[in-house]
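Student: Take a look at the letters that make up each chain.
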Amino acid sequence: DAKTTQPTSMDCAEGRAANLPCNHSTISGNEYVYWYRQIHSQGPQYIIHGLKNNETNEMASLIITEDRKSSTLILPHATLRDTAVYYCIVSYSGGGADGLTFGKGTHLIIQP
Amino acid sequence: DVKVTQSSRYLVKRTGEKVFLECVQDMDHENMFWYRQDPGLGLRLIYFSYDVKMKEKGDIPEGYSVSREKKERFSLILESASTNQTSMYLCASSFTDRNSYEQYFGPGTRLTVT
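Chains as they are written, first to last, in this note's numbering: chain A, 1 to 112; chain B, 1 to 114.
No lab work stands behind these hints, which were simulated from the structure alone. The model shown is predicted, which means the values in this text are computed figures rather than measured ones. Each hint can be trusted.
So, partial list: chain A residues that the calculated Cβ filter (under 7 Å) puts toward chain B:
id	residue
1	Gly43
2	Pro44
3	Tyr46
4	His49
5	Gly99
6	Phe102
7	Gly103
8	Lys104
In silico DSS-like pairs for lysine-lysine, Cα to Cα no more than 30 Å straight-line:
id	chain 1	residue 1	chain 2	residue 2
9	B	Lys18	B	Lys57
10	B	Lys71	B	Lys53
11	A	Lys3	B	Lys55
12	A	Lys104	B	Lys55
13	B	Lys57	A	Lys3
14	B	Lys18	B	Lys70
15	B	Lys3	A	Lys104
16	B	Lys71	B	Lys3
17	A	Lys104	B	Lys57
18	B	Lys3	B	Lys18
19	A	Lys104	B	Lys13
Simulated restraints on C-beta separations:
id	chain 1	residue 1	chain 2	residue 2	range
20	B	Glu17	A	Glu66	52 to 62 Å
21	A	Ile39	B	Thr15	31 to 41 Å
22	A	Thr56	B	Asp28	21 to 31 Å
23	A	Gln45	B	Thr15	26 to 36 Å
24	B	Pro61	A	Arg16	41 to 51 Å
25	A	Gln42	B	Ile77	22 to 32 Å
Beta carbons are placed, not taken as given, at the ideal position from N, Cα and C, and that holds for glycine.
For reference, chain A alone in the conformation it holds in the complex (with noise of 0.2 Å):
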């Protein structure tokens, strides 16, 4: 799996946009964007994926640079409650059948 590189902290306010990136310069043609996200005490919850295309569902986008080198995760009116820990993977899996490869993810603090 290739590696990613995600900054260790973010703050946000809330109410406003989080947009957290990730570095994914050595992703392979057929790996996928995923994202997770731990709140505290609390084991991983999915949140998106993608493999080129921006995507969307209730919970955030997705947006895939075109050479897909890298990716933003946004939270479009961040709350308290998404304060977590955010982890961008890329893996070939298009099925979780495989583990996942999570690295230190991004520390999200939205201040009220």
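Start from chain A and add chain B according to the hints.
Tutor: Positioned in the frame of chain A, the structure of chain B alone reads:
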């Protein structure tokens, strides 16, 4: 809602004891996983299983074994616990279907070996 449950949230064991960590999922998932999480190291895969009685080593299997006798249950076994196995242990499950992308995680078991 998918539910992945783990037998204990907190566990304290002594060095040399045999330790069983149990994980149960209720969504008929084929795949189950055990990870450990340590500060500064992220989550690391210990073992996974894609079917009953099947198992595959992950990145750090040394000192651990697993058992999957029933589809819904995946056990992690520490044959002789050591202090360097003090950690947060997380279980996850998922479908094999290639249109299914999500792993569902349990709440974790914080194991302390003294």
